[in-house]
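Go ahead and model the full structure; you've got the sequences and the hints to work with.
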Amino acid sequence: MSTKLEQHIDPLLIPILEKVSDPEIPVLSIMDMGVVRSAYVKNDIVNITITPTYSGCPAMDVMGDDIINAFEDVGKKAKVALVLSPAWTTDWITPRGRKALEEYGIAAPLEAEADKEALLGGKKVVKCTNCGSSNTKLVSQFGSTACKALFQCEDCLEPFDYFKCLK
Amino acid sequence: MKKENLKQYIYGIADNVLILGQRLSELCGHGPSLETDIACTNIALDLLGQTRSYYQYVAQLFDEDKTEDDIAFLRTERQYKNVLLVEQPNTHFGYVIVRQFFFDVFHLQLLQQLQNSTDETLSAIAKKAIKEVSYHKRFSSDWIKRLGDGTEESHQKVQEAVNDLWRFTDELFHMTEDDIATLESGVGIDVRVLKDKYYQQVKEILQEATLDIPETSWFQKGGKQGIHSEHMGYLLSDLQYMQRTYPDMKW
Ligand SMILES: [Zn+2]
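As you go down the protein sequences, you meet chains A and B in turn. When the count follows the numbering used here, it moves up by one through the first sequence with no breaks and lands on 646 for the last residue. When the count follows the numbering used here, it moves up by one through the second sequence with no breaks and lands on 339 for the last residue.
Keep in mind the hints are simulated off the structure, nothing from the lab. Being a predicted model, the structure only gives us computed values, none of them experimental. A few of these clues could be false.
[Stated by the list, open to error] Simulated restraints, written as ranges between beta carbons of each label pair: (1) B:LEU162 - A:ASP552: 22 to 28 Å; (2) B:ILE315 - A:ASN522: 50 to 56 Å; (3) B:GLU152 - A:VAL506: 37 to 43 Å; (4) A:ILE524 - B:THR333: 37 to 43 Å; (5) A:TYR519 - B:GLY274: 31 to 37 Å; (6) B:GLU152 - A:GLY584: 43 to 49 Å; (7) A:GLU551 - B:HIS319: 46 to 52 Å.
[Unchecked claim] List time: in silico DSS-like cross-link candidates among lysine-lysine, alpha-carbon distance up to 27 Å: (8) B:LYS285 - B:LYS338; (9) A:LYS616 - B:LYS219; (10) B:LYS233 - B:LYS219; (11) B:LYS154 - B:LYS215; (12) B:LYS215 - A:LYS595; (13) B:LYS154 - B:LYS291; (14) B:LYS219 - B:LYS283; (15) A:LYS483 - B:LYS219; (16) B:LYS90 - A:LYS646; (17) A:LYS646 - B:LYS285; (18) A:LYS646 - B:LYS219; (19) B:LYS233 - A:LYS602; (20) A:LYS606 - B:LYS219; (21) B:LYS91 - A:LYS595; (22) A:LYS556 - A:LYS498; (23) B:LYS219 - A:LYS578; (24) B:LYS285 - A:LYS595; (25) B:LYS309 - B:LYS90; (26) B:LYS338 - A:LYS595; (27) A:LYS558 - A:LYS578; (28) B:LYS219 - A:LYS603; (29) B:LYS233 - A:LYS646; (30) A:LYS558 - B:LYS90; (31) A:LYS602 - B:LYS219; (32) B:LYS215 - B:LYS95; (33) A:LYS558 - B:LYS338; (34) B:LYS233 - A:LYS603; (35) B:LYS338 - A:LYS556; (36) A:LYS558 - B:LYS154; (37) A:LYS646 - A:LYS603; (38) A:LYS616 - B:LYS233; (39) B:LYS309 - B:LYS95; (40) B:LYS219 - B:LYS285.
Backbone N, C-alpha and C fix where the C-beta goes; we use that ideal spot for every residue, glycine too.
This is how it looks when you write it as C-alpha cells:
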C-alpha cells in the first residue's frame, strides 16, 4: 500500500546531510526524517531534492536554506529542489529517527490501523513518552504543528505530542 | 485545450483552497477553544501549502516573470474562480464546521479523481493533498456529529448553518467552459459524476448527527465565473492588504 523510499544519494554527501536537522524537531536529521530523495554532485554543484512532509510545512523552506548553508560551510555550492511525487510517508522515518523522536518526547507514528483507533476510536494504544504507560488519552487531533496530535498520560499526567501516521 | 483553459482550470481548484485557507486563518487566536483554534489554523496551513503548489505550477507554466505571490495577492475579485461556499464568513463555529464539512467531502472526491490526471504535476499535488484532506474530513465530520448530537443549543446552531449553507453546495458540481476543455484533454475531471455520491455521503453524516436535510431546490452560483458574494471583497481587502500597501514587500 505505502510507497517504498527510493533514494539516490552519493554516500560521500551523507555526513553533511546528517548534520542538517528538522528545524521543528532538532533531534531529527533530515536523513532520519526520510525527506532527502537524491543528492549528487554535478559540475561542482551539489544537487539535492527533498520531499515535503506536509504541503504547508513552514519547516521545508528552512530545511532548504539549512542544507545550502551546511554545504557552504564545507566550501560547496548546493541547489535544493522540492519533489512532490511520490508523496512522503511516515514510513520513511528511519528506526534511528523513531528512537530519537521518542527520546525527545514525541511518540513515534503507529501503524495506520492503530493510528486510526487512537485518533478516532479513543483506543489507548499510544504509549506515554515519559513513563511508557498506554493509559493515555487524546487531547487534541491537531497539535503544535500539522504533523502532530496532542495526548496526555493518565498515569503520570505528562502531556506529549504524537507524530501522526501519514500514508 | 488552450493554455488559458488550463490556467483557469487550475485557478478553479486552487482558489477554493486559498480562500478557505484565508477564512480559517482568520480564526488564529480567535477559535472557540484552544483545540479548535489549533485545528483550524493547522488545516489552513495545509490548504495554503496546497495553494502554493498550484500557483507555483501556474507561474512556471505561463508567466515567467510572475510569482505565486502575484497570483495570490494581485488579482482583482472577478479573477478569482472559487465557489461561493468557501468565501462565506465565520458567522459562528457551527458555520465554520459546516462550511468545512461541505467542502471536505467534495475536496477529497475531487482529489481522488485528479490523481489520475494526465497532467503529472496536478496528479502529484493531488496525491500529496489527499492524505491531508482525509484528515480534514475526519475532523469536520466528527464535529458535525458532536455539535448535531450535542446540546440543544449546539444542535440548533449547526442546523442553522446547514440550512443556510446548503444552497452553496450545488455549485461545486457545475462545469465551466474551462472544466469541459480540460476534461476533454484528460487533464481535468468531471465533477458532475461526483454529485450523487457527494449528497449521499453528506446526508449519511447529517442523519447520524440527528440533523435535518434541507429541502430546497434553489441553489446559488456564480463564484466559478468570478461573480462573488459581498463577503469576497472584504476577504480580499484583508488578504491583499500588505501587498497593495507596500508593493513587492518581502518578509
Ligand atoms: Zn506517563
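Okay, the hints, checked on the actual structure:
no., hint, result
1, B:LEU162 - A:ASP552: 22 to 28 Å, "violated (38 Å)"
2, B:ILE315 - A:ASN522: 50 to 56 Å, "holds (52 Å)"
3, B:GLU152 - A:VAL506: 37 to 43 Å, "holds (41 Å)"
4, A:ILE524 - B:THR333: 37 to 43 Å, "holds (39 Å)"
5, A:TYR519 - B:GLY274: 31 to 37 Å, "holds (34 Å)"
6, B:GLU152 - A:GLY584: 43 to 49 Å, "holds (46 Å)"
7, A:GLU551 - B:HIS319: 46 to 52 Å, "holds (47 Å)"
8, B:LYS285 - B:LYS338, "violated (44 Å)"
9, A:LYS616 - B:LYS219, "holds (24 Å)"
10, B:LYS233 - B:LYS219, "holds (22 Å)"
11, B:LYS154 - B:LYS215, "holds (26 Å)"
12, B:LYS215 - A:LYS595, "holds (20 Å)"
13, B:LYS154 - B:LYS291, "violated (43 Å)"
14, B:LYS219 - B:LYS283, "holds (22 Å)"
15, A:LYS483 - B:LYS219, "holds (16 Å)"
16, B:LYS90 - A:LYS646, "violated (35 Å)"
17, A:LYS646 - B:LYS285, "holds (24 Å)"
18, A:LYS646 - B:LYS219, "holds (7 Å)"
19, B:LYS233 - A:LYS602, "holds (19 Å)"
20, A:LYS606 - B:LYS219, "holds (24 Å)"
21, B:LYS91 - A:LYS595, "violated (42 Å)"
22, A:LYS556 - A:LYS498, "holds (16 Å)"
23, B:LYS219 - A:LYS578, "holds (24 Å)"
24, B:LYS285 - A:LYS595, "holds (24 Å)"
25, B:LYS309 - B:LYS90, "holds (25 Å)"
26, B:LYS338 - A:LYS595, "violated (40 Å)"
27, A:LYS558 - A:LYS578, "violated (30 Å)"
28, B:LYS219 - A:LYS603, "holds (24 Å)"
29, B:LYS233 - A:LYS646, "holds (26 Å)"
30, A:LYS558 - B:LYS90, "violated (33 Å)"
31, A:LYS602 - B:LYS219, "holds (22 Å)"
32, B:LYS215 - B:LYS95, "holds (20 Å)"
33, A:LYS558 - B:LYS338, "holds (22 Å)"
34, B:LYS233 - A:LYS603, "holds (22 Å)"
35, B:LYS338 - A:LYS556, "holds (25 Å)"
36, A:LYS558 - B:LYS154, "holds (22 Å)"
37, A:LYS646 - A:LYS603, "holds (21 Å)"
38, A:LYS616 - B:LYS233, "holds (20 Å)"
39, B:LYS309 - B:LYS95, "holds (21 Å)"
40, B:LYS219 - B:LYS285, "holds (20 Å)"
When held up to the earlier numbered hints, the structure conflicts with 1, 8, 13, 16, 21, 26, 27, 30 and fits the remainder.
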